[in-house]
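Peer 1: Here is what each chain is made of, one letter per residue.
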Amino acid sequence: MTFGDPTQRARGSSGIGRFFEAPQIGRMSPASRLIVYSLLLFWSAFVLFPLYWIVITSVKLPIDVNDGPAYLPFIDFAPNMHAWRDLLVLDLAETVKPYRNSVIIALFATIACMLIGSMAAYALARIEYKPKFGTILLFVVAMVGASVSVGIWGVDWRLAAASAGAIFVLLARALGRRFKRSVGNGDILFWMISQRILPPVVTVVPVYMMFQSVRLLDTHFALIVTYTVVNLPIVVWLMYDFFSGIPKDLEESAQLDGASRLTVFYEIVLPLARTGLAATTLLVLIFSWNEYVVALFLSTTNAQTMPILVAAMNGGEKGVLWWKMCVVIIIMIIPVVLMALVLQRFISKGILLGAVKG
Amino acid sequence: MTTQDSVVGVSQSGSRSPTAIAVELPPRGGFAEWFDNQSRQFFIMPAVIMILVFSIFPLIASLILSLSRVRLRAGGYNVRFVGLRNFERQIFGSEQFHFLGTFTSISPLGWLFAIAVAALLIWWLVRCFRGSVSLLGFIGRLITAGMIFGLSLMFAATLLSGNQFGTLGVTLFYVLVGCAVQFLIGLGLAVICAQPIWGRTFFRVVFFLPMMITPIGIGFGFRMMADTTKGPFSPVWQWFGLRDFAWAADPWAARTFIVIGDSWQWIPFIFVVLLAALENVPRDMVEAGHVDGASGWQIFREITWPSIAPVAATVILIRAIEAFKLVDLPNIMTSGGPGISTESMTLHAFFAWRAPDLAQSAAVSYLLLFVAVVLCVSFFNLVVLKRRAAIA
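Top line first, the protein sequences correspond to chains A and B.
Going by this note's numbering, the first sequence opens with residue 948, and the numbers climb by one from there.
Going by this note's numbering, the second sequence opens with residue 2, and the numbers climb by one from there.
If you're looking for bench data, these hints aren't it; they were derived computationally from the structure.
We treat Cβ as the ideally placed atom computed from N, Cα and C, and that holds for glycine.
It is possible that some hints are incorrect.
Mimicking SDA-like on lysine to any residue, the simulated pairs with C-alpha atoms at most 25 angstroms apart in a straight line are [to be verified]:
| no. | chain 1 | residue 1 | chain 2 | residue 2 |
| --- | --- | --- | --- | --- |
| 1 | A | 1265 | B | 46 |
| 2 | A | 1195 | B | 46 |
| 3 | B | 231 | A | 1259 |
| 4 | B | 387 | A | 1265 |
| 5 | A | 1265 | B | 339 |
Ranges between beta-carbon positions, derived for each pair [stated by the list, open to error]:
| no. | chain 1 | residue 1 | chain 2 | residue 2 | range |
| --- | --- | --- | --- | --- | --- |
| 6 | A | 1050 | B | 178 | 45 to 53 angstroms |
| 7 | B | 73 | A | 1266 | 46 to 54 angstroms |
| 8 | A | 1160 | B | 138 | 50 to 58 angstroms |
| 9 | A | 1044 | B | 257 | 36 to 44 angstroms |
| 10 | B | 178 | A | 1044 | 34 to 42 angstroms |
| 11 | B | 144 | A | 1020 | 32 to 40 angstroms |
| 12 | B | 339 | A | 979 | 58 to 66 angstroms |
Computed footprint of chain A on chain B, listed as stretches where at least three residues anywhere in the stretch have a Cβ under 8 angstroms from a Cβ of chain A [to be verified]:
| no. | region |
| --- | --- |
| 13 | 112-118 |
| 14 | 151-161 |
| 15 | 369-383 |
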């Protein structure tokens, strides 16, 4: 994928052409150029070497791995496709299942997350909300009550949730108008972002119990919903800054013409924010595709995802099956690269730019 | 628009100009009208409800767990309320060595460090108090200062007194050292790649690659890299006479290796974001600087840095938030060893959960949450917002 800026592409300058361009303001001296290129090459080597090692390990026989380092295929060792054959021919069904799970889960989680997250971000950027402080407090108290009654006194969770909800609605109706202090959009935004600080270990055990009680453990649905929530803060955060950067005039004139807010959002705002959408989508996709801890808790056999398969190659007594693991890692990278290539068409001027610009 | 008695209340939108009222709106159907009136709820409610159900409820449930003793029994578990005993055990009791570290007495160096930090914090608070800081802001700064002092006391009692530190220290090491290293290298690479250099597209693609790999794969990949007998660098180790040196047996070597793996994975993220920010720096200002004969360093300090500082602050915050949750790499590369010396707090909670000791696991998680929230929120309020305000 390229991150080159459009002006450069417009000039049609391939690398060599630029290299011999007339000196311009701010050009580097030969000495500093030497330093710069050696730094770049060093870092490329640092980045590429582990990847190279993963690729060549995937075509090694176990003996070539265990007998110490062998660096060059055909010279130090004879490449052998046995690990690829094992995973993609002999045990194809075993590989395809988690792969399909991963594709379904990452795709739907990303779509849901982008949809819900960008709607919330847009609302926070454009509509003024003033929830009453007291109402929120009331709601938290109701939820604590429900949780305590389920966790400690063993009340049925449906009963607890329903009664807590009813009590909350009744009290909010009765007391709602008396509450004076309210919080603003900035507070709501910060509350949503702060959810990202939650370590997954804090939430994953109760989430596990939650899905267990509704018998949804080890299903695609459980993982899709969890990934959606886990990534929502990132989407809201990044998309909020994108939407804030869009001028309001267009939307206002469309609303004057009688378009509903939903129409304005889909027809005008989203197309304008496509750079941010593409960048954020890529990020969320990468996060949900590669996630391990939540998948470890919430899936056992049916909904097992690819990162679990990677970990499963750590074969206990037999040691790590490095060759197979490397194959799994490689086939996991491919769809992400494809997705990045598709999305980079929309990311003309640098991924994530306006996103964090503020 | 009507007032609603839901969690997210409503007020008249401020975005419409007064002229909008004067224009005759075309008539619309009942349902469409109703739906449009509700759209302010419709836009935000899905996100609010999902976050409430999946973050607030588990948060409450975890809090309850952390305040109880959980006993597994056939077909379920018993929960008994024990108050703050779990936290007490982590901070003062039998788990202290695991969470905070081993304490004996604080060495003179440790005292010196703690006193220096305390003096700095007091100076800062006094300056804030004299300045125009609101009461709420001052309380926030007081909490920040208290947290920083507590943590530096912990470091003084463990690291600077020659004692082993616990998972809290390890986590902070990952966050502080990891973020600093990653930010500096990422910034350097971005500055270089923003120059008109040959093959910049190639370098950008290569530098972004590690982000696409699953963290657990990176963990295993770096375990291969670090192997002193069969790994690719084993000739180098042997050349230095370190064939028998098991890096996983030395706490600092193991921690360093984990930071290297973490950096390998996350520098691309910082690089990409900062590169985008650098390309947005107004070119005419940079060129005017050149014309005026400013050196490269002067231009960076006076023009480039101020305009990328808000992005830089945000990206450090995002990275720090993720670094507090680091678990895959230490779990795979060292399983937290040797001993507990590479165990991050998330891993600590995970091991406790596997033990299975749900209550201790929840308590550790809550302590992590507390430290992470105080530090991240302080950073957001004191650094990120200030940088953003400086630009606006």
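Peer 1: For the region 112-118 of chain B, do at least 3 residues have a Cβ located nearer than 8 angstroms to some Cβ of chain A?
Peer 2: Per the Cβ count (0), the hint is violated.
Peer 1: Would you check the hint for residue 1265 of chain A and residue 46 of chain B, treating anything up to 25 angstroms between C-alpha atoms as holding?
Peer 2: Answer violated: residue 1265 of chain A to residue 46 of chain B is near 51 angstroms, above 25 angstroms.
Peer 1: CB of residue 1050 of chain A to CB of residue 178 of chain B, is that within 45 to 53 angstroms?
Peer 2: violated (37 angstroms)
Peer 1: Can you tell me whether the CB distance of residue 73 of chain B to residue 1266 of chain A sits inside 46 to 54 angstroms?
Peer 2: About 32 angstroms separates the Cβ atoms of residue 73 of chain B and residue 1266 of chain A, which means 46 to 54 angstroms is violated.
Peer 1: Given the hint that residue 1195 of chain A pairs with residue 46 of chain B, test it: the Cα-Cα distance must not exceed 25 angstroms.
Peer 2: With Cα atoms ~23 angstroms apart, residue 1195 of chain A and residue 46 of chain B stay inside 25 angstroms; holds.
Peer 1: Count the residues of the region 369-383 of chain B whose Cβ falls closer than 8 angstroms to any Cβ of chain A, and tell me whether that reaches three.
Peer 2: Holds, because 7 residues of the region 369-383 of chain B bring their Cβ atoms closer than 8 angstroms to Cβ atoms of chain A.
Peer 1: Is the Cα-Cα distance between residue 231 of chain B and residue 1259 of chain A 25 angstroms or less?
Peer 2: holds (22 angstroms)
Peer 1: Can you let me know if the beta-carbon spacing of residue 178 of chain B and residue 1044 of chain A is within 34 to 42 angstroms?
Peer 2: holds (40 angstroms)
Peer 1: Starting from the hint 58 to 66 angstroms, judge whether the C-beta atoms of residue 339 of chain B and residue 979 of chain A obey it.
Peer 2: Violated: the Cβ-Cβ distance is about 43 angstroms, outside 58 to 66 angstroms.
Peer 1: I want to verify a distance hint. Is the separation of the beta carbons of residue 1044 of chain A and residue 257 of chain B within 36 to 44 angstroms?
Peer 2: holds (39 angstroms)
Peer 1: Please verify whether residue 387 of chain B and residue 1265 of chain A have alpha carbons no more than 25 angstroms apart.
Peer 2: Since the Cα atoms of residue 387 of chain B and residue 1265 of chain A sit roughly 55 angstroms apart, the hinted pair is violated (cutoff 25 angstroms).
Peer 1: Against the range 32 to 40 angstroms, how does the distance between the Cβ atoms of residue 144 of chain B and residue 1020 of chain A compare: consistent or not?
Peer 2: Hint violated: Cβ distance 58 angstroms, outside 32 to 40 angstroms.
Of the hints listed earlier, those the structure fails to meet are numbers 1, 4, 6, 7, 8, 11, 12, 13 and 14, in rising order.
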